[in-house]
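Trainee: Below are the chains, spelled out letter by letter.
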Amino acid sequence: GDNEAAASDSGGRKKVRLTYGAISVPKTRGVFEKTLNDQGIDVEWVGPFPNHAPTLQAVATNTADFSFGGSSTPADQALLSGNKLVYVAWSKSTPRTSSIIALPNSGITGVKDLAGKKVAVNKAGLGEFLLVAALEKYNVPRDSVTFTYLNPPDAAPAFGSGKVDAWSIWSGPLELAEVQYGAKRIFVDGDELDKQIDFGSYLVRDDYAKKEADTIRKVIAAYKAEQDWANANPAEAQKIGNAVSKYPQAVVDKLVGENVQVTWSLINDEGIAQLQAGADWLSDHKVLSDKINIADHAVKL
Amino acid sequence: MSTVVASRVTRRYGERTVLDGLDLEIERGEFVALLGKSGCGKTTLLRALAGLDPVDGGTLEVPERRTVVFQEHRLLPWWKVWRNVAIGLPRATARARAQSALEEVGLDKHADAWPVTLSGGEAQRVALARALVREPELLLLDEPFAALDALTRLRMHGLVRDLTTRHRPAVLLVTHDVDEAILLADRVLTMRDGRIAAAHEVASEARDRGSAPFAALRHALLGELGVVEPLEHA
Amino acid sequence: MSTVVASRVTRRYGERTVLDGLDLEIERGEFVALLGKSGCGKTTLLRALAGLDPVDGGTLEVPERRTVVFQEHRLLPWWKVWRNVAIGLPRATARARAQSALEEVGLDKHADAWPVTLSGGEAQRVALARALVREPELLLLDEPFAALDALTRLRMHGLVRDLTTRHRPAVLLVTHDVDEAILLADRVLTMRDGRIAAAHEVASEARDRGSAPFAALRHALLGELGVVEPLEHA
Amino acid sequence: MSTTAIAGPARTAEAGATPPKKRAVPYRTISWTVPVLLLLAWELASRSGLIAANVLPAPSSVGTTAWHLTETGELPHHLWESVKRAAVGLAIGATVGLVLGVLTGFSKLAEAIIDRNIQIIRAIPFLAILPLVMVWFGVGESGRYFLVALGTMFPIYLNTVLGIRQVDPKLLEMGRVVGLNRLELIRAAILPGALPSILLGLRLALTNAWLALVIAETVGAPAGIGFMATNAREFLQTDVIVLVIVLYALIGLTTDLIARALERRFLAWHPNYHGGKK
Amino acid sequence: MSTTAIAGPARTAEAGATPPKKRAVPYRTISWTVPVLLLLAWELASRSGLIAANVLPAPSSVGTTAWHLTETGELPHHLWESVKRAAVGLAIGATVGLVLGVLTGFSKLAEAIIDRNIQIIRAIPFLAILPLVMVWFGVGESGRYFLVALGTMFPIYLNTVLGIRQVDPKLLEMGRVVGLNRLELIRAAILPGALPSILLGLRLALTNAWLALVIAETVGAPAGIGFMATNAREFLQTDVIVLVIVLYALIGLTTDLIARALERRFLAWHPNYHGGKK
Ligand SMILES: Nc1ncnc2c1ncn2[C@@H]1O[C@H](COP(=O)(O)OP(=O)(O)OP(=O)(O)O)[C@@H](O)[C@H]1O
Ligand SMILES: Nc1ncnc2c1ncn2[C@@H]1O[C@H](COP(=O)(O)OP(=O)(O)OP(=O)(O)O)[C@@H](O)[C@H]1O
Ligand SMILES: [Mg+2]
Ligand SMILES: [Mg+2]
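Residue numbers (our numbering), protein chains in the order written: chain A, 1 to 301; chain B, 302 to 535; chain C, 536 to 769; chain D, 770 to 1047; chain E, 1048 to 1325.
In short, the hints are calculated from the structure, not lab data.
Note that the structure is predicted; figures quoted are calculated from it, not measured.
Yeah, the Cβ is synthetic: ideal placement off N, Cα and C, and Gly gets one too.
Hints should not be assumed to be uniformly reliable.
[Unchecked claim] Below 27 angstroms or equal to it, Euclidean Cα-Cα: the simulated DSSO-like pairs (lysine-lysine) are: (1) A:K123 with D:K853; (2) A:K92 with A:K254; (3) D:K853 with A:K118; (4) E:K1131 with B:K410; (5) A:K246 with A:K184; (6) E:K1131 with D:K939; (7) A:K27 with A:K254; (8) A:K239 with A:K254; (9) A:K210 with A:K118; (10) A:K92 with A:K300; (11) A:K195 with A:K224; (12) D:K853 with D:K939; (13) A:K239 with A:K27; (14) A:K210 with A:K84; (15) B:K381 with D:K939; (16) A:K300 with A:K84; (17) A:K300 with A:K27; (18) E:K1131 with A:K27; (19) E:K1131 with C:K615; (20) A:K15 with A:K84; (21) A:K195 with A:K254; (22) D:K853 with A:K117; (23) A:K286 with A:K195; (24) C:K644 with D:K939; (25) A:K15 with A:K224; (26) A:K123 with A:K184; (27) A:K117 with A:K184; (28) A:K210 with A:K224; (29) A:K218 with A:K300; (30) A:K118 with A:K27; (31) B:K381 with E:K1217; (32) C:K615 with D:K939.
[What the hints assert, rightly or not] Covered stretches of chain A (in silico footprint by chain D; criterion: 3 or more residues with CB under 8 angstroms from a CB of chain D, positions within the stretch not fixed): (33) 117-131; (34) 147-153.
Next comes chain A alone, as it looks inside the complex (with noise of 0.2 angstroms):
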């Protein structure tokens, strides 16, 4: 590739081109930029990014080098339509409190009484997964529900004036929700659900993880880092994100008293086996196009 000129600078300093959402503790921070300026790396921010898919295609067409740790989803079904990605990092959490949530005077107390109603997901995201596999857990005949596919930022006005009845969403959404509408949780992932489906992962190009190895994995560290000083400061690090989503107070509390942890590593074995049991979940359920070989698409480092 042509990227020789954008990995490496003259007098032997690196610059990595790194993708971000909206919230970034990172790059807000500075600590991480600091870090890997001290191990010769200067960081160019590329950004903002609503979600995972144009991060990944940024990468692919290498006006950035990271994609920004979301959702492996996408980043499966990337691969299968033939871009030369490979996974470098994954992570897993805890608690998973991505919930099916529903308003108090909905009637809607459990699982089983979702038949027949309409429910919200984003589609071929963790909420719809998460209504899936509920479904399947107690019972429910799938085409009882009515999927009404919506983006979070439309979802929430749906959900909040009634237009759907329960919403299968994931942190963030999912305690605001509770906040302003008194939505209560009838189905919670880490509760109900033995086996986590979408992780976080970073992606590069795999010329870029053949070339810049050491680099991947500075940068790989930086974010480890990061990610623990958030584990161990989460007032802090909520404080930081609230910049800039704004949250109201006791939506920022409740956040912070879940504590999630996030665990970042370098991909490994239990990271191929792990996201090949998510890969194979999403395509038994039809939502990636083909079975695909997750060690085929990840490089350890």
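Add chains B, C, D and E with the ligands to chain A, keeping to what the hints say.
Mentor: The following block gives chains B, C, D and E with the ligands in isolation, referenced to the frame of chain A:
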């Protein structure tokens, strides 16, 4: 009692007063010709009578059913000639009436032509046909024969005269042709300084081009319009 | 050698042949008037000479510098009157030349008016001024005086005659006024069936309205146009 | 000073069998040549590897994808859903736009009441009001119809007003003096005069309809080519992304052909559209 | 048959000091009344609890939000970024649209080469080509300029072509016979004649510019009101969502005022725009 009564009509454009306390009456069935210099306000008066422009002062009484032949033909370019003539007529008889009106102006062959394909004089005749096919109580004609050759013009004169004797509308004809005014009108007016400057009843003897009264009236009118012409050959 | 040579010019619209092997020559400085029935093809010929329409057959030779006064005024509504006259003139002198041309047609006061505010005759005069301010080798006039009153018309005649004696362009004037044709032209043509049907040289004695040659030529021309008029009073 | 220059456009050397009036440019040939050439160039560039497949797949491979999706019935299904939505929304939007446009163009009072509000509202991008649409209409079809109607109404409104403004006031006067009532006047003088402009409004509206659908179909729609596009974007399925773009291009082409046919039909009288001399 | 009916419009009973020519409708008053009333109604509905604040906050609370964001400098920053992008993109798009439009309107050959391609390309919604834009331009400003230019170019192109088509061919002939060259003809007859239509194209283009920005600023833009809107949507900040909508409305209002001023300036001659009698 007159069909058209305009009294002390005033019309200003900015500083300029184009109609300045003008008085005019036209009886039912009367044919009045209006002469005047270019820009003296003939069209302005006609438009006021047609109810197209407001006036700045004075009163106007005109019948409901008026028709105007404008100085330009004003045919709808997107309608064929016959539909332009038939515009606003009841559907059932529209085509037939339009066709016969077109025949009268010598354009029956052009009934299905687009207006853009007409020559200047043809378009003017279509506009005339459009006005004549209705039966107005007041017919306002703004130089309807200007673009016509001598022969066609004579035929159109005959046509208008026929119609007016049949339906007896009040007619106001603006023209620049003094002969035409004398030959067609019962009364010839000249306009100046925003008013009717002079009025001449046309005696029936004066309708003969070769006659002395014709020559005299012609001379008088040309004089009022500022043209001095030798009278000797009359 | 002639400035304008048209030979065997043919022009068809669909089935209809409007110009049918027409021949015409005009010399430098010659003033030719063209008479003919409404719709006989005068404008079509003029447009062909102006180079605006192609012909279906025959050859045309015309000078490069031509100007046309169309049957309609064709003023640009978005330009004030004086700019309409000055259109295409070199900037430096444009305003002054336009102003003096407008003065000649009696409209210097309207120099800064919008064209929509002009009366029919005023617009026609502006169009005339626009043509005269240029100094063409061929001047094509399509009924330029039709909307003018008698006095204004006489003044415009004088103007055109002045210009033609000064710059000696070839002139082709389409008109419906037989008197006008005789008084202005060196040669009067009548058109019929898509050709020049007759040509009359105008002797200088015939330019006097009261004279016998005038009356005779007038009678002849009206006859060619199909109008039979008593000759006795001449 | 040359006395007998031969004027360019008037020169006709003994015109014989073929009159020189015929249009010199074979319009159709040229106008189809360019798109076809572009397509060929694209295919060649792809095959030769000049363009990487994951950046822009070759037309032939897009064709294959299209064929696959047609066989499974997926593509026709999506297309049909979108066409249905576009048609319904457009019908509503065009009607509202036309009626409001005629009112505004016709009456000063109506203009005073309507126009400024429309100018304000139309500045708001659909995307920005998506959450509100959700609240007002829920997630059914009606919200999508609303968005399409909203997107199509404005160009039609604006172009109708423009068209009416440009109708020659002399013709309106003529209509009044021959005694037409308002409705007849609209039918005889205003709509035909405004038609070129209204047809353009329709063209612009159609584009907006598809754009509105791309946005509307990200919300709660289980089908449609906007939905297909969003999905493909989400999953980086370059061939489907490009297929969708090609679909839009084809839709544009069809629209253009239809619009041209309408123009030929309704503007036969117009010298600048087809034929006519003066 | 009544001989002396008094015609409605012509009746003028001894008009005195105030001539009856004056416009009956106080246009300005009415045209501002409606938006202001709507605003008041909204505020009242919100205060009275008819509309829940988390669905649609009151204008006053939106005002407060706006004030806050202005104090922190956030709002001016976003606005400035977007305005800059809109201006640059529009300048490019308008120029291209105008030039291509003039070519197409003027020459059959140019039309044959250009028109169909544009009709095809303009049917493709921006949103659908966002991925390609990223491929072509990366995530920098240039891609955003491109999207805005793309969105603005088409209405200007189409309306320019329409405007030129509607220029009276008689005036073009006149231009030719007084010896204007092509450029003079464009300046004297074509552009002024096409101007109402071109100005409308500009109005439509401005809307498209903002829409294009909403879309362009969802990807990789660290500022801009589209970015602000996306963020607000993402984090369900209803007051900011509504603030952004209000901002767009104000932009629409300003645009309309500017467009009207331009029309007043350039279309003074046009009887249907301002004054004029016949
Ligand atoms: N584009 C066209 N298509 C078909 N017929 C046409 C077209 N243009 C003109 N004609 C016809 O050709 C004939 C000659 O038209 P032309 O304008 O030359 O007449 P003219 O002699 O100037 O008449 P006028 O004195 O009334 O102006 C007319 O009958 C007219 O209807
Ligand atoms: N809207 C207007 N604004 C300003 N002046 C106007 C307007 N309309 C007409 N005029 C002026 O009023 C005068 C009278 O115009 P009008 O059209 O009545 O003349 P006319 O007698 O019909 O002349 P013609 O015989 O040339 O047609 C003219 O000098 C004209 O310039
Ligand atoms: Mg007049
Ligand atoms: Mg003619």
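Trainee: If a hint holds in the structure, say so; if it doesn't, say that too.
Mentor: Hint by hint, here is what the structure shows:
no.: 1; hint: A:K123 with D:K853; in the structure: 22 angstroms, holds
no.: 2; hint: A:K92 with A:K254; in the structure: 21 angstroms, holds
no.: 3; hint: D:K853 with A:K118; in the structure: 23 angstroms, holds
no.: 4; hint: E:K1131 with B:K410; in the structure: 63 angstroms, violated
no.: 5; hint: A:K246 with A:K184; in the structure: 22 angstroms, holds
no.: 6; hint: E:K1131 with D:K939; in the structure: 44 angstroms, violated
no.: 7; hint: A:K27 with A:K254; in the structure: 24 angstroms, holds
no.: 8; hint: A:K239 with A:K254; in the structure: 13 angstroms, holds
no.: 9; hint: A:K210 with A:K118; in the structure: 47 angstroms, violated
no.: 10; hint: A:K92 with A:K300; in the structure: 17 angstroms, holds
no.: 11; hint: A:K195 with A:K224; in the structure: 23 angstroms, holds
no.: 12; hint: D:K853 with D:K939; in the structure: 42 angstroms, violated
no.: 13; hint: A:K239 with A:K27; in the structure: 14 angstroms, holds
no.: 14; hint: A:K210 with A:K84; in the structure: 12 angstroms, holds
no.: 15; hint: B:K381 with D:K939; in the structure: 18 angstroms, holds
no.: 16; hint: A:K300 with A:K84; in the structure: 16 angstroms, holds
no.: 17; hint: A:K300 with A:K27; in the structure: 26 angstroms, holds
no.: 18; hint: E:K1131 with A:K27; in the structure: 26 angstroms, holds
no.: 19; hint: E:K1131 with C:K615; in the structure: 38 angstroms, violated
no.: 20; hint: A:K15 with A:K84; in the structure: 21 angstroms, holds
no.: 21; hint: A:K195 with A:K254; in the structure: 24 angstroms, holds
no.: 22; hint: D:K853 with A:K117; in the structure: 26 angstroms, holds
no.: 23; hint: A:K286 with A:K195; in the structure: 18 angstroms, holds
no.: 24; hint: C:K644 with D:K939; in the structure: 25 angstroms, holds
no.: 25; hint: A:K15 with A:K224; in the structure: 19 angstroms, holds
no.: 26; hint: A:K123 with A:K184; in the structure: 22 angstroms, holds
no.: 27; hint: A:K117 with A:K184; in the structure: 16 angstroms, holds
no.: 28; hint: A:K210 with A:K224; in the structure: 21 angstroms, holds
no.: 29; hint: A:K218 with A:K300; in the structure: 14 angstroms, holds
no.: 30; hint: A:K118 with A:K27; in the structure: 39 angstroms, violated
no.: 31; hint: B:K381 with E:K1217; in the structure: 20 angstroms, holds
no.: 32; hint: C:K615 with D:K939; in the structure: 20 angstroms, holds
no.: 33; hint: 117-131; in the structure: holds (count 4)
no.: 34; hint: 147-153; in the structure: holds (count 6)
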